[in-house]
Amino acid sequence: MLIKYIIMQYKKIKITYCLFLKSLIICLFLYMFTLCNVSNAEATYRLAENDLIQMAVNYFSLVQGTSVVEFSEVMLSLNVPPSDLAKITWVCSKKEHVLLALSETDKVIYGGWMVATGRNPGQKLKVGDMRTPEGVFYVKSIEDSSFWGSYVDKATKERIGYGPYFIRLETGWKGIGIHGTDDEHLHEIGTDASHGCIRMANDDLLEVVSMSMKGQKVVILESLN
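Residue numbers (UniProt numbering): 1 to 225.
If you're looking for bench data, these hints aren't it; they were derived computationally from the structure. Accuracy of the hints is not assured; some may be wrong.
Said to hold, decoys possible - If you anchor each label on the Cβ, the simulated ranges turn out as follows: (1) SER72 / LYS214: 18 to 28 Å; (2) SER210 / TRP148: 12 to 22 Å; (3) GLU170 / SER72: 33 to 43 Å; (4) GLU184 / VAL68: 35 to 45 Å; (5) SER67 / ASP129: 29 to 39 Å; (6) GLU184 / PHE71: 31 to 41 Å; (7) GLN64 / PHE147: 35 to 45 Å; (8) ALA86 / GLU134: 34 to 44 Å.
By construction, the Cβ of each residue, glycine as well, lies at the ideal position given by its N, Cα and C atoms.
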């Protein structure tokens, strides 16, 4: 009887241990899943400070033509005084897949982020050509797009979101702007992936919106080099 009792207790302990082990594995899986989701939601593609300054140097040199701007001439400021918001020019380079916030008059760079631009290279020529228009434009409006949901790409059947805001640009083309994306398409940041808009990570977009206002100048270039 004693042996039988010991065997029964051993089986109970074994079953309890197995259940505990399964529960532990499930908890670990849920923790890792949550960790991955948080990582995606908080993803940022901000450029390093030296890269920011070099990009600004390249742009200022292009604007001034033959006069080459030195690295030491450009200032970096991570805070924009409210009085200077109107001075901000947004510069997007399609080849480098970057969006810069800078002041042309003061030679100050406020920030820069990796973005996705149109799937096809070159100047936009017609609706639906998947190109980001090049030229000098202006911010038309800043709209809450969090309730817009997502749209389906007819070509690939992908479902893509706009993120929390849509910065509409006055380009002469309907529906061109700067907007966010969803977690499933974060890997496309830094590539030719959009329908023609400038697409970026949602956290970066929030930073851009905090520095944006109607009427700001927006320059979209093929390349900064």
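Here's how the hints hold up against the structure:
At about 34 Å, the beta-carbon gap between SER72 and LYS214 misses the expected band of 18 to 28 Å. In this structure, SER210 and TRP148 meet the distance hint of 12 to 22 Å, their C-beta atoms being roughly 20 Å apart. One distance hint, 33 to 43 Å for the beta-carbon pair GLU170 and SER72, holds here, with the actual separation near 35 Å. A beta carbon spacing of about 43 Å between GLU184 and VAL68 agrees with the range 35 to 45 Å that was offered as a hint.
At roughly 36 Å, the beta-carbon separation of SER67 and ASP129 lies within the given 29 to 39 Å, and the hint holds. For the pair GLU184 and PHE71, the beta carbons lie near 38 Å from each other, so the given range of 31 to 41 Å is met. Take GLN64 and PHE147: their Cβ atoms lie about 43 Å apart, and the range 35 to 45 Å holds. At roughly 24 Å, the beta-carbon separation of ALA86 and GLU134 lies outside the given 34 to 44 Å, and the hint is violated.
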